[in-house]
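Protein chains in written order, with the numbering used here: chain A, 1 to 171; chain B, 1 to 417; chain C, 1 to 954; chain D, 1 to 90.
One thing to keep in mind: the hints can contain errors.
[Said to hold, decoys possible] Which bits of chain A does chain C cover? Going by a derived footprint, with three or more residues having C-beta under 8 angstroms, they are:
#, region
1, 89–95
2, 105–119
[As the list claims (entries may be wrong)] Think about it this way: if two alpha-carbon atoms lie no more than 30 angstroms apart in a straight line, the pair counts; the simulated DSS-like pairs of lysine-lysine are:
#, chain 1, residue 1, chain 2, residue 2
3, B, K353, B, K232
4, B, K269, B, K154
5, B, K269, C, K473
6, C, K264, A, K8
7, D, K84, A, K125
What the hints contain is simulated information worked out from the structure, not anything from laboratory work.
Backbone N, C-alpha and C define an ideal beta-carbon position, used for all residues, glycine too.
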Amino acid sequence: MLEIAPMKLSAADLALPAEALVADGVQLALADDYARFSLRARDAAILEGLLGRKLPAKIGETLDGVACLGPDEWLALLPAGTALPLGEGLPVSVTDISSRALGFVVEGPRAVELITSGCPLDVAKFPIGRGTRTVFETVEIVVWRTAEARFHIEVWRSFAPWLWHALAAAA
Amino acid sequence: MKRFSGFNLIGEAFRSHQGWPEHWPDKAPKPAYDAIIVGAGGHGLGAAYYLASKYGITNVAVIEKGWLGGGNTGRNTTIIRSNYLYDESAHLYDHAVKLWDGLSQELNYNIMYSKRGVLMLAHNVHDVQSFKRHIHANRLNGVDNEWLTAEECKAYCPPLDISPNARHPVLGGALQRRGGTARHDSVAWGYARAASALGVDIIQNCAVTGIRRGADGAAEGVETERGFIASKKIGVSAAGSTSVVMAMAGLQFPLESYPLQALVSEPVKPIFPCVVMSNTVHAYMSQSDKGELVIGAGTDQYISYSQRGAFHIIEHTLAAICEIFPIFTRMRMMRTWGGIVDVTPDRSPILAKTPVPGLYVNCGWGTGGFKATPGAADLLAYTIAHDAPHRINAPYALDRFRNGRLIDEAAAAAVAH
Amino acid sequence: MSGYRLSVGGRINRAAPLSFTFDGKAYQGLEGDSLASALLASGVMLFGRSFKYHRPRGILGMGSEEPNALMTVERGPARMTPNLRAPSVALHAGLAAKSQNRFPTLRRDLTAVNDTLSAFFPAGFYNKTFMWPRAAWESVYEPIIRRLAGLGDSPTTRDPDHYGATYAHCDVLVVGAGPAGIAAAVEAAATGGRVILIDEQEEPGGGALADPAQWADLAASLAALNAADNVQILSRTTAIGHYHQNFVVAVERLTDHLAPTDAKGAREKLWRIRAGRVVLAQGAIERPLVFDGNDIPGVMLASAARTAALRYGVAVGRSVIVMAVHDSGWRDALALMAAGVTVSTIIDLRQDVAAELVDAARGAGIAVHLGCAVTSARGRLGISSITYAPGGTVDERAIACDALLMAGGWTPTVHLWSHAKGTLRWDGAWGAYLPDTTHEVMTCVGGCGGAWDYGSGLALGTLPSAKPLHKRKGFVDFQNDVKARDIGLAVQEGFRSIEHIKRYTTNGMATDQGKTSNLNGLQIASDVLSRPVTEIGLTTFRPPYTPQTFGALLGHHKEALFQPLRKTAIDDWARDHGAVYENVAQWRRARYFPRGAEDMDAAVLRECLAVRDSVGMFDASTLGKIEVVGPDAAEFLNRLYTNPWKSLAPGRCRYGLLLREEGFIMDDGVAGRMAPDRFHVTTTTGGAARVLNMMEDYLQTEWSDLDVWLTSATEQWAVIAVQGPKARDVIAGLVSGIDLSREAFPHMAVREGHICGVPTRLFRVSFTGELGFEVNVPAQHGRMVWEAIHAAGQPYDITPYGTEAMHVLRAEKGFIIIGQDTDGTITPEDAGMAWAIGQKKPDFVGKRSLARPDLVAQGRKQLVGLLTEDGTHVLEEGAQIVADPDQPVPMTMIGHVTSAYLSPALGRSIALALVADGRARMGETLYVPMPGGVIRAVVTGPVFYDAEGSRLDA
Amino acid sequence: MLLIHCPYCEEDRPEVEFANGGQAHIARPADPSAYSDPQWEEFLYIRRNPRGRHHERWRHVHGCGRFFNAVRDTVSDRFETTYKAGEPAR
Ligand SMILES: Cc1cc2nc3c(=O)[nH]c(=O)nc-3n(C[C@H](O)[C@H](O)[C@H](O)COP(=O)(O)OP(=O)(O)OC[C@H]3O[C@@H](n4cnc5c(N)ncnc54)[C@H](O)[C@@H]3O)c2cc1C
Ligand SMILES: NC(=O)c1ccc[n+]([C@@H]2O[C@H](COP(=O)([O-])OP(=O)(O)OC[C@H]3O[C@@H](n4cnc5c(N)ncnc54)[C@H](O)[C@@H]3O)[C@@H](O)[C@H]2O)c1
Ligand SMILES: Cc1cc2nc3c(=O)[nH]c(=O)nc-3n(C[C@H](O)[C@H](O)[C@H](O)COP(=O)(O)O)c2cc1C
Ligand SMILES: [Zn+2]
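Build out the structure end to end from the sequences listed, making use of the hints.
Here it is, written out as structure tokens:
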């Protein structure tokens with residue numbers, strides 16, 4: 001019989017590290033806490049009225065911490081603790097999802113390369129400020145270019161350890 | 001037909017094998033037949049063979065648009081098993097397994113049916129419950145299927161990784177010892193040769209382009225690339241193309257055709273003794289007599305008649321294979337290919353009469369009809385000959401989509417290969 | 001000349017010798033050598049044994065077309081790779097190569113009796129024999145065939161290497177860095193777009209590497225490309241397939257060319273490239289000629305000898321003959337002479353060969369025989385002589401030699417073109433298929449596009465011979481031992497399609513996938529069938545272009561990264577407290593928490609009793625959660641679920657049942673109405689994504705008029721179930737802003753407030769039958785709140801319990817688990833849940849289907865309880881139930897056990913089962929035939945414990 | 001991997017961001033109970049499955065989240081066009 005040694009590191013062992021990962025040309029770190037909201041409305045004006053702020057109009061654009069993900073969908077990443085009116089009774093949906101996701105910050109000259117290792121989009125061509133939902137391999141993420149060499153990645157909490165280690169392996 | 005035997009092979013060796021005749025003569029279509037089979041896959045060729053050998057109808061033509069055996073029969077991973085859950089399925093597939101046994105001798109053609117065992121792996125509590133349910137039902141249906149512990153699975157298939165820290169650890173498995181493989185091409189060729197010897201005309205490179213119906217609506221024959229061929233009995237066994245052929249008779253079917261890929265590795269010396277399937281991890285594999293690892297991949301998500309699939313399907317398949325067989329990461333993939341599988345809403349086949357009198361259909365085998373080849377062929381022949389289904393295929397009629405009597409193995413067992 | 005190494009020339013580094021071994025014997029090569037060139041330089045001619053007949057084989061080609069020289073390369077423990085092509089293996093210090101498919105040694109291979117007996121093993125022989133006695137196929141014949149087949153040995157240990165992967169994007173992707181590809185890349189680079197240039201070889205250059213006259217240009221172009229910041233050159237990178245819309249997959253080999261000690265990082269890397277335009281510059285592969293003995297070591301392609309001499313500085317022999325049907329053979333002969341390799345003779349089938357070539361050859365002292373063909377090559381482990389004769393005659397003459405070069409014309413490499421469904425057209429002058437039309441943005445340049453003057457190539461399969469085909473011994477597919485006469489036999493036996501011929505003979509099915517054999521096979525078939533090749537067609541090219549390791553192809557998904565394992569916010573606590581886990585969908589969940597030496601049964605018993613007697617806590621965070629918000633939220637749920645929703649008051653919850661449109665139960669869960677326009681809907685753990693997708697589907701495509709939006713909240717909330725008579729007492733001290741009293745907060749209510757200072761949605765629900773709460777808190781606080789509840793529960797000996805106890809507790813109450821007690825074929829009526837259907841609703845998803853004839857028929861399986869006569873006996877889940885235990889097999893089964901446990905509350909076993917007409921069988925005794933005997937059980941209702949529900953309302 | 005033009009995002013995106021939703025333009029009846037068994041069977045199960053031009057649904061599930069329709073050739077797998085849900089068949 002063939003003896004097959006157990007894996008050194010298994011899926012169950014994957015965890016988020018306490019410290020940022022510094023590799024050649026790129027750094028990976030957990031982002032600060034945010035208040036996250038999913039904002040939905042057919043008519044952006046109603047939401048804008050409710051929230052008292054402008055929303056980015058086009059899918060993929062971002063404005064003051066809010067990304068337009070779909071024709072009726074925005075993701076708001078606001079300072080931790082921010083509360084928003086729920087707009088009860090209005091044809092809108094404002095839902096607090098602060099705890100649903102974690103943020104990663106990928107920074108450095110190799111940031112694009114690192115993200116492109118598993119994200120099928122042409123990330124190099126993202127203008128600064130572009131944010132979109134996509135995937136890293138099979139895991140759904142939101143990629144948001146916050147500076148020439150810095151990206152913010154949103155990933156659902158339970159997928160975060162896998163994503164971290166996948167990025168770390170590619171770094 | 002010159003008999004195949006070791007003795008004749010040796011005899012022929014001394015005259016450079018000059019004496020072997022054609023397996024099947026290439027026939028021009030006659031104007032009319034007693035029965036026509038559309039599609040020269042294993043199922044269609046087998047149906048012609050059984051019509052002639054069992055049901056006394058020898059004036060039969062098999063009409064094939066390309067080369068015989070070039071459909072899914074020639075592109076599948078050849079897994080044979082019958083440990084299905086529902087009575088209807090167990091009876092159907094076990095009918096086939098019984099016919100596989102002895103088929104080489106019956107056809108005088110070694111189709112290399114190899115009962116090396118099919119091991120299905122359980123990776124979680126739900127799998128265990130579901131497999132136990134299968135095992136108990138199979139036992140009471142007279143179908144062999146037994147539970148193995150993880151260690152027993154490993155002993156049966158040494159390359160298996162049963163480390164508890166795997167992402168999907170192996171908790172045990174269901175083994176059907178009579179399950180195994182057969183050589184895909186040989187099955188088609190063996191049936192073609194035997195049918196041909198009984199007088200069946202095999203007409204290749206002749207696509208059926210229309211189905212002619214009489215004033216009473218009944219089938220009268222087929223239009224083909226080589227003209228009209230009359231027959232009052234037409235059996236359609238066109239697998240992935242069934243919807244297209246049925247549309248020729250004005251029928252729409254509960255079918256969708258998807259690309260399904262498979263691949264082989266480079267050949268290596270024997271390392272993998274059986275067939276292993278894992279529905280949870282989505283991997284299945286065996287090793288052919290030539291030495292390649294034969295690996296089944298998944299379907300693409302969209303319908304297609306292109307016989308090609310996407311690379312990410314291959315990526316996921318190999319990841320799954322290497323999750324349960326980590327020793328194979330250094331093995332190399334030699335060839336990939338695709339087939340077109342016709343899938344019904346309940347993932348069980350349709351083997352029945354159709355609303356058009358004289359038109360019969362055998363389709364919907366999806367990702368798992370090779371194992372059924374002799375059984376499906378026999379039952380299609382029976383249904384054509386008697387103008388009525390056999391007891392075993394009676395549940396596989398079209399009316400189940402109307403009345404709701406689905407035979408949904410997938411609902412109980414996740415996937416059905 | 002030392003050995004066969006030429007004294008000058010080549011791109012090897014003569015100052016850097018490298019030691020390596022082949023079959024245990026030590027050799028020396030030079031930096032820049034391939035394994036093949038280094039062995040050739042040492043005078044090695046015998047490289048391997050063929051697949052079927054174990055014939056001795058040498059090198060045929062010096063590129064990835066090589067079919068013969070397959071080796072196993074060992075790079076230290078657990079790093080063994082079989083079937084590598086020696087010409088494609090870069091030499092490094094310490095390399096250890098081994099020949100394959102021979103026993104016991106390469107020179108003296110006993111299995112070579114197959115060759116002597118080859119007359120008995122023609123194509124398809126196995127179909128004709130091994131059928132008697134019947135049992136012998138599996139016990140005798142097949143094992144023997146299997147042992148003889150296969151090439152190298154599979155690895156047997158876990159691979160210590162890792163593999164990388166990436167996506168890439170470019171405007172122009174050039175595949176092949178020969179002169180044509182480099183020129184295309186230079187041109188593309190000038191437009192400023194992103195360019196990727198890939199080549200499978202150790203260095204870019206392609207054919208130019210064997211042509212020193214081009215080296216200066218090559219170096220200049222490469223320098224320019226390297227300097228351009230919009231160009232990326234990937235060497236050692238093979239484009240393996242062209243998929244839809246210019247998606248080209250390639251594999252880069254990163255470390256195998258280095259000595260193991262120098263190898264750092266990933267071994268190989270997968271490139272998934274999306275290109276705006278694809279330029280294929282794959283070149284062309286030279287074609288062998290088919291004549292008796294064409295497989296003897298020392299018979300090789302002319303281009304291989306040229307590469308050996310001019311790129312590697314190695315003579316393939318000391319007395320070389322060229323058999324040409326194409327001008328390139330002459331040019332190669334002249335180049336070899338110039339490089340110091342003695343070419344004694346050129347034989348060309350053609351009568352008219354350009355005078356300048358003939359004159360040049362004669363001038364160089366080469367004997368020339370025009371209008372002649374080689375009729376045989378002789379020698380055992382290496383060629384020693386040939387015979388030739390005027391085309392098709394018996395007038396044979398012999399010449400001694402130690403190498404014979406075949407210049408059979410060229411086959412354009414149209415693999416990737418064909419992967420992308422590009423069409424081909426037969427070009428008579430080339431004697432080959434050339435690219436024709438494509439619907440991709442893709443072009444073919446250079447050799448693979450038919451760009452050069454190959455017009456003098458003769459299209460032919462075998463050299464003319466006086467012998468009839470069935471007596472000839474020339475090979476077509478070298479690796480799979482397919483001879484020309486096998487193709488003849490196939491046709492004779494009625495296999496007329498080229499696809500049949502391929503499968504019957506296995507021509508083109510070896511690891512080289514017919515790179516040198518497809519076209520010859522086609523020509524032979526065309527001759528035998530007396531039909532033009534154009535009518536015969538071509539077999540299908542399929543990815544990969546050359547074999548590639550699974551490790552590279554599986555991308556990021558190896559070992560720990562195979563698939564994400566989802567863990568809840570409380571998972572760490574469970575791990576620290578000894579939880580035993582089970583996997584459920586993508587999650588892992590604590591199954592039970594053993595104390596000391598407890599086994600599962602003991603732990604579950606204790607956990608269950610704790611819930612019934614005092615209080616337990618359970619991590620229910622994996623439950624799917626969907627926030628359904630908008631003015632039409634209630635209307636939406638009303639259309640979707642079987643239950644009525646509009647009447648549900650804010651602050652109340654309801655159990656919901658969701659059907660597939662076919663009427664079968666798909667999912668269930670409790671939904672709470674948080675506000676008139678806001679619902680917190682829960683789903684099963686495994687159903688979360690499925691349900692949300694289904695909801696989106698109906699919302700977007702059927703009821704797009706509704707103002708309602710869906711947000712997945714599964715991961716927003718950690719959920720802690722606190723269950724048991726003391727549940728309220730435990731949380732009372734932690735909760736603020738919610739009146740927990742029985743009156744103010746009844747069963748099936750939901751409240752918002754705070755717990756431990758963080759916001760909570762507190763549900764008063766119970767899946768155990770006891771007084772219970774489900775505490776939802778933002779996931780980031782889950783662990784803190786869990787610990788606080790655990791601490792607050794200490795006075796009551798609060799007991800964490802796992803999924804197993806949860807299952808037992810709910811089964812005692814007759815609550816179903818979707819997927820365990822139902823299986824995708826069960827209606828609400830079957831499950832005894834007709835009460836969950838809003839009878840007054842005109843419609844909901846699945847309602848119409850419930851009226852289909854078979855869904856209202858008699859005899860459907862219904863969920864019931866089963867009590868074994870022997871209360872200590874726990875039925876096996878999945879066991880089948882019969883009414884008459886004495887029937888013969890196949891028995892009529894009337895149902896099966898879906899859930900079975902030892903009930904701590906009842907002190908006996910209980911079971912749930914789906915039984916035909918079960919509700920009409922109350923009190924009936926049924927039978928469960930098990931291998932060890934038949935078990936008797938009585939049909940009961942499915943609720944075993946507290947049927948009145950009094951404990952809920954405590 | 002197909003490259004699919006999302007009519008909402010107005011750009012080409014890789015197939016792995018999408019989920020196929022089967023044949024397009026099969027409307028769920030306003031009142032299913034008025035459907036006969038054969039009509040209901042047709043709605044549930046009968047599909048065109050054509051060789052050639054095919055109308056199908058896709059959802060940009062890992063993008064903008066929207067369902068939309070496409071016309072694709074099932075032999076070449078090439079998209080002819082994609083358009084927003086609710087627009088008439090092209
Ligand atoms: C990759 C892959 C792996 C598989 N693995 C397994 C497995 O492990 N085990 C298993 O049991 N099953 C497996 N299957 C399924 C199995 O291959 C099929 O169910 C089975 O081979 C179907 O046989 P058939 O004779 O019905 O169809 P086919 O062999 O496809 O024959 C149908 C024939 O009809 C012809 N035809 C179509 N239209 C026309 C027309 N208009 N006129 C004339 N002729 C026409 C076609 O050219 C074709 O030759 C797999 C399938 C694939 C693609
Ligand atoms: N005119 C003649 O008679 C004649 C004859 C033989 C050779 N040549 C020479 O052939 C060359 C022609 O140039 P060319 O650029 O068309 O061809 P080429 O053979 O020089 O280059 C093709 C390159 O593509 C690479 N390649 C092929 N498939 C690949 C894949 N799937 N992935 C990665 N790389 C792959 C090959 O390794 C090779 O390096 C010239 O050097 C010419 O002198 C000419
Ligand atoms: C069980 C099985 C084993 C196969 N083994 C090989 C093989 O050893 N070599 C090879 O080139 N192809 C092999 N093939 C694949 C065929 O070459 C071919 O790809 C397949 O029949 C589909 O046909 P197509 O690629 O011409 O469309 C195998 C196919 C099957 C079904
Ligand atoms: Zn989109």
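The hints, checked one at a time:
Counting residues of the region 89–95 of chain A whose beta carbon lies closer than 8 angstroms to any beta carbon of chain C gives 7, which meets the minimum of three for the stated coverage. By the rule of at least three residues with a Cβ nearer than 8 angstroms to a Cβ of chain C, the coverage given for the region 105–119 of chain A holds, with 5 such residues. Restraint check for K353(B) and K232(B): satisfied, since their Cα atoms lie roughly 13 angstroms apart, inside the 30 angstroms limit. Taking the CA atoms of K269(B) and K154(B), the gap is about 19 angstroms. The hint holds against a cut of 30 angstroms.
With a C-alpha separation of about 27 angstroms, the suggested pairing of K269(B) with K473(C) holds against the 30 angstroms cut-off. For the suggested pair K264(C) and K8(A), the alpha carbons sit about 19 angstroms apart, so the restraint of at most 30 angstroms is met. Using a Cα cut-off of 30 angstroms, the hinted pair K84(D) and K125(A) holds, with the two alpha carbons roughly 26 angstroms apart.
The structure shown violates none of the earlier numbered hints.
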